[in-house]
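**Q** With the hints as a guide, bring the two chains together.
As a plain string of letters, each chain reads:
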Amino acid sequence: QIRGSRARALPDRALVNCQYSSATFSTGERKRRPHGDRKSCEMGLQLRQTFEAAILTQLHPRSQIDIYVQVLQADGGTYAACVNAATLAVLDAGIPMRDFVCACSAGFVDSTALADLSHVEEAAGGPQLALALLPASGQIALLEMDARLHEDHLEQVLEAAARAARDVHTLLDRVVRQHVREASILLGD
Amino acid sequence: MKETPLSNCERRFLLHAIEEKKRLDGRQTYDYRNIKITFGTDYGCCIVELGKTRVLGQVSCELVSPKLNRATEGILFFNLELSQMAAPAFEPGRQSDLLVKLNRLLERCLRNSKCIDTESLCVVAGEKVWQIRVDLHLLNHDGNIIDAASIAAIVALCHFRRPDVSVQGDEVTLYTPEERDPVPLSIHHMPICVSFAFFQQGTYLLVDPNEREERVMDGLLVIAMNKHREICTIQSSGGIMLLKDQVLRCSKIAGVKVLEITELIQKALENDQKVRKEGGKFGFAESIASQRITAFKMEKAPIDTSDVEEKAEEIIAEAEPPSEVVSKPVLWTPGTAQIGEGIENSWGDLEDSEKEEDDEGGSDEAIILDSIKMDTGEVSNVGSQDAPIVLSDSEEEEMIILEPDKNPKKIR
Numbered sequence: 001q002i003r004g005s006r007a008r009a010l011p012d013r014a015l016v017n018c019q020y021s022s023a024t025f026s027t028g029e030r031k032r033r034p035h036g037d038r039k040s041c042e043m044g045l046q047l048r049q050t051f052e053a054a055i056l057t058q059l060h061p062r063s064q065i066d067i068y069v070q071v072l073q074a075d076g077g078t079y080a081a082c083v084n085a086a087t088l089a090v091l092d093a094g095i096p097m098r099d100f101v102c103a104c105s106a107g108f109v110d111s112t113a114l115a116d117l118s119h120v121e122e123a124a125g126g127p128q129l130a131l132a133l134l135p136a137s138g139q140i141a142l143l144e145m146d147a148r149l150h151e152d153h154l155e156q157v158l159e160a161a162a163r164a165a166r167d168v169h170t171l172l173d174r175v176v177r178q179h180v181r182e183a184s185i186l187l188g189d
Numbered sequence: 001m002k003e004t005p006l007s008n009c010e011r012r013f014l015l016h017a018i019e020e021k022k023r024l025d026g027r028q029t030y031d032y033r034n035i036k037i038t039f040g041t042d043y044g045c046c047i048v049e050l051g052k053t054r055v056l057g058q059v060s061c062e063l064v065s066p067k068l069n070r071a072t073e074g075i076l077f078f079n080l081e082l083s084q085m086a087a088p089a090f091e092p093g094r095q096s097d098l099l100v101k102l103n104r105l106l107e108r109c110l111r112n113s114k115c116i117d118t119e120s121l122c123v124v125a126g127e128k129v130w131q132i133r134v135d136l137h138l139l140n141h142d143g144n145i146i147d148a149a150s151i152a153a154i155v156a157l158c159h160f161r162r163p164d165v166s167v168q169g170d171e172v173t174l175y176t177p178e179e180r181d182p183v184p185l186s187i188h189h190m191p192i193c194v195s196f197a198f199f200q201q202g203t204y205l206l207v208d209p210n211e212r213e214e215r216v217m218d219g220l221l222v223i224a225m226n227k228h229r230e231i232c233t234i235q236s237s238g239g240i241m242l243l244k245d246q247v248l249r250c251s252k253i254a255g256v257k258v259l260e261i262t263e264l265i266q267k268a269l270e271n272d273q274k275v276r277k278e279g280g281k282f283g284f285a286e287s288i289a290s291q292r293i294t295a296f297k298m299e300k301a302p303i304d305t306s307d308v309e310e311k312a313e314e315i316i317a318e319a320e321p322p323s324e325v326v327s328k329p330v331l332w333t334p335g336t337a338q339i340g341e342g343i344e345n346s347w348g349d350l351e352d353s354e355k356e357e358d359d360e361g362g363s364d365e366a367i368i369l370d371s372i373k374m375d376t377g378e379v380s381n382v383g384s385q386d387a388p389i390v391l392s393d394s395e396e397e398e399m400i401i402l403e404p405d406k407n408p409k410k411i412r
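Quick mapping for you: the protein sequence lines, in order, are chains A and B. Residues in the first sequence are numbered from 1 upward in steps of one, following the UniProt record's numbering. Residues in the second sequence are numbered from 1 upward in steps of one, following the UniProt record's numbering.
Hints listed in this document are in silico derivations from the structure and should not be mistaken for laboratory results. Mixed in with the good hints there might be a few duds.
Heads up, simulated DSBU-like pairs for lysine-lysine below, C-alpha to C-alpha not over 35 Å straight-line [said to hold, decoys possible]:
{"no.": "1", "chain 1": "B", "residue 1": "Lys244", "chain 2": "B", "residue 2": "Lys114"}
{"no.": "2", "chain 1": "B", "residue 1": "Lys311", "chain 2": "B", "residue 2": "Lys52"}
{"no.": "3", "chain 1": "B", "residue 1": "Lys2", "chain 2": "A", "residue 2": "Lys39"}
{"no.": "4", "chain 1": "B", "residue 1": "Lys114", "chain 2": "A", "residue 2": "Lys39"}
{"no.": "5", "chain 1": "A", "residue 1": "Lys39", "chain 2": "B", "residue 2": "Lys52"}
{"no.": "6", "chain 1": "A", "residue 1": "Lys39", "chain 2": "B", "residue 2": "Lys257"}
{"no.": "7", "chain 1": "B", "residue 1": "Lys227", "chain 2": "B", "residue 2": "Lys244"}
{"no.": "8", "chain 1": "A", "residue 1": "Lys39", "chain 2": "B", "residue 2": "Lys67"}
{"no.": "9", "chain 1": "A", "residue 1": "Lys39", "chain 2": "B", "residue 2": "Lys252"}
{"no.": "10", "chain 1": "B", "residue 1": "Lys257", "chain 2": "B", "residue 2": "Lys21"}
{"no.": "11", "chain 1": "A", "residue 1": "Lys39", "chain 2": "B", "residue 2": "Lys244"}
{"no.": "12", "chain 1": "B", "residue 1": "Lys67", "chain 2": "B", "residue 2": "Lys227"}
{"no.": "13", "chain 1": "B", "residue 1": "Lys227", "chain 2": "A", "residue 2": "Lys39"}
{"no.": "14", "chain 1": "B", "residue 1": "Lys257", "chain 2": "B", "residue 2": "Lys227"}
{"no.": "15", "chain 1": "B", "residue 1": "Lys36", "chain 2": "B", "residue 2": "Lys267"}
{"no.": "16", "chain 1": "B", "residue 1": "Lys114", "chain 2": "B", "residue 2": "Lys52"}
As the structure is a computational prediction, the values presented were derived from the model and not from experiment.
Excised from the complex, chain B in its bound form (with noise of 0.2 Å):
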């Protein structure tokens, strides 16, 4: 289906609170949300969470002939798929700008900057090499898909184990992992994609952006650099004009970030070492902890309530006094009753509503609020119109106009 549009008072609050330097989860605008990292009992399967946004990666490898221009080098192939179930807007056919876009992207961070030594893959050079595929599948959309798939296609590639292959002369061997123990991919360093957002031109910057923040900004600035400090792709996206200074202080942010993560990935790498060395249970049903009441917790959001208390005094001092309404119940018939007749309605002219007055409730009515009453108030003046008014394009139109003092709504 097609992609919801979004609001523009939605896309206004976003851009104010923006300019406010507030985000709608309560971060600060250098902040990342929770990463968090589990693997499966394959070698080379890993779900990376980055707030909601969810990447599976899994990678896989198989012995082929290598290119004709790269006898001595192995293949590598990313894929990312986005996943219909990431969101509504996902469909099979619809997808390609945005696939393609951070399909390339992974493809030059991970392949040109050279993270895997593909010379370490071959086999027998000219007849047979590795060709590691990395797939990668997005679960669930929540903004920030490239960063997500980019960490996940790390943490994958340096969780997975090749098979161990040997080569005597001419004679290849590959040993099953129970034979000799799987060999881990050489990998140089690792590359982590930061997404910068800009709004309005250029002025402000958010580190991060979630799915609503991805929809109201001007343009996407990816940067993906290592622990080294090394900056491996620069792109920027949506047709937003940076100045240089900007591109340069980014670039500092983006390495702070990246030394965080990385160190989150090493502990979430070394952790699940230590537990299949331990002989432990590990993979994705032991990270989901059932049997505890706080399995599906959400997180709490910091929010800063520091002030709540005077604003909310202001706000009271400067209201008037809730005006005194007494409500009377009026019986029609045993059975139905009204409450009140809300207020004027500012449609045309219409006659007042008699209002009878009654004895006594009957049923036991339940405090009635001003909303409900002046439901009730609408319906019957509609009903009591003498012309016919003609209504806009609005839901209203199906009403079905009742005569007056017939049909009350019955109140409880």
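Next up, chain A with everything else stripped away, as it sits in the complex (with noise of 0.2 Å):
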């Protein structure tokens, strides 16, 4: 079912919707406006952009797909997390997707790449880099990178947030299997 606006119904596929907000308390600075604020919906668009692009939209057509995230507490990462999280409850859901979605950042100190930034890491102000991908390909679902990084540096970034991202895959495959035969065991014999 679509809320809202019906128009917005696309004929053939389904229409995800991604909403982020990160709560007041999340940071260490307390924010004042959860939602709404530019950086919001930016990761929304982001979050949706992903997801369009990993579930299979094709097989719910004149339906909505609504994501929600809360950031309860925040320290470095908030994208790879919110889609790690995502990927886990569409997943839950039982909405067909092409692969695990699993994200990671990545960033470059004194000539090392390193995976996963801390907040302090991330405000130390050197550059840094999202990663969303879907493991079994190797397809990157989206990639955003900030502040200044030689262009020679960028392939090792790459590796290693890929790297982290199939590890996070493993991880995530086992807790997800782990869930389903624990739920199998109860609902079963």
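**A** Set out below in structure tokens:
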């Protein structure tokens, strides 16, 4: 079902709607506006883009899939955490996807590439990269980078982020299988 | 008003052309459109034209108290606005998605890359700093707003001069431009965005898409680089799946393009500087050449016509000779004549309208083309229907069915 304007229903695909909101207590300094500020809008758009590419929207025409993400504590890598959480949520809801979407942030300090930056490392102002990956095919669903990074180092950082995303994938995979096993034990016999 | 949807045949045509590595305006896959930079009379005002896409940039400054957690840094504020004159689809309420995306991209590109030294904007630590505000307005949308906007922002910032300030102890004196020459901002580097449009799930890629190509693209990759080959921002949007080596290849191409554009910007800035120093006239009014016949000419698009002749001859040889048609004018009443009757109406069973022989033309009839004959034929043929035929939802429904042979169209 589409809530809101029916005119937005796409005849052959599902509409994916993402909203990102971070709680006022999530960062070190209390944030005043959890909704509607530009950063939240942008995150929402990026999540939407990532999941539109990953969810098999052709299987649900004329319907809408809502994904709401709420950040409770932000310690760096919020985009990556949102994507991983949303992947699990979509899988749990039973919506078919092409593959897990695993995301990780990476940075570059002193000619070494670092994976999964924390808030302190992000605030230090070095270049940071957020990457959302479909692990099986290695396709990049979303790539976003900030701050100055010399072109030659780009490959290194991309590699680090991709490797970290694959590790996240093994972890998510394990968790999902375990959850399914538990659920089937409860439902089965 | 809502954006007019792109027709399927136009979409197919564009995609097909891109598969054959052809673009509508004759560019190669890695070519940029012509970039033109003009400056206004004030410092910090510039218009950048990328093909037909136009962005106006204006920089202004004011002294404010700094942010609490950044007491020694100036404030930089960017604002991109999509003016309603840029495209019919831009309305005051409707543009939020695109606007947010573009604004955030510009902000990240220019602010996070620290192209401006914010520490130098500090006047009195904790009390007074400069707030630099960059306003960009999109005047015309012909694709690739991001590139044009980033160029306009950087050029405006480079061109801007802020009033000189001196601090003596506790006293801050702000000099007007007449007292002391205004001071340029300290800019470390110039990040320029380069956009890549992907088609057919990433198989084909184009640099600097224009508006039509943007409508049929699958996704966009924006890479902002400066001339030292440092990447300032990468953003992929539109839900395409990329491979790592595609991204690396794009960054190499971006490096080359950014060098070219940076050179262009430097030259434009130098020119303007020279003109101002020599006391010549400058400003937007000067950049529009009036009193010249070639003032508003369009540039010639280079088209490859080398094999046109062979192709034309092939087509002519394969085509059948045009059918011989003899048109006899028919005079119904004085002043009303009919020439020909068009081809058979294929909508249903109809009686053929009788063609009467005529003696002489009467009025001087011009040479009639086949299309007009067909037009007449259809009108007269529909008029001669017996049973009303239910027509589909087309304009023909409003057509008044005339009695046969009463009012055929008059042809000149």
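**Q** Look at each hint and say if it fits the structure.
**A** A quick look at each hint next to the structure:
1. B:Lys244 - B:Lys114: Distance ~27 Å between B:Lys244 and B:Lys114 Cα, so the pair holds.
2. B:Lys311 - B:Lys52: Since the Cα atoms of B:Lys311 and B:Lys52 sit roughly 32 Å apart, the hinted pair holds (cutoff 35 Å).
3. B:Lys2 - A:Lys39: holds (27 Å)
4. B:Lys114 - A:Lys39: holds (19 Å)
5. A:Lys39 - B:Lys52: holds (31 Å)
6. A:Lys39 - B:Lys257: The given pair, whose Cα atoms are some 30 Å apart, holds under the 35 Å limit.
7. B:Lys227 - B:Lys244: holds (23 Å)
8. A:Lys39 - B:Lys67: Given that 35 Å is the threshold and the Cα spacing comes to 19 Å, the pair holds.
9. A:Lys39 - B:Lys252: The given pair, whose Cα atoms are some 29 Å apart, holds under the 35 Å limit.
10. B:Lys257 - B:Lys21: Holds, because 19 Å separates the two Cα atoms, which is no more than 35 Å.
11. A:Lys39 - B:Lys244: Holds, at roughly 27 Å.
12. B:Lys67 - B:Lys227: holds (32 Å)
13. B:Lys227 - A:Lys39: Holds - the C-alpha atoms of A:Lys39 and B:Lys227 are around 28 Å apart, at most 35 Å.
14. B:Lys257 - B:Lys227: The given pair, whose Cα atoms are some 9 Å apart, holds under the 35 Å limit.
15. B:Lys36 - B:Lys267: holds (11 Å)
16. B:Lys114 - B:Lys52: holds (30 Å)
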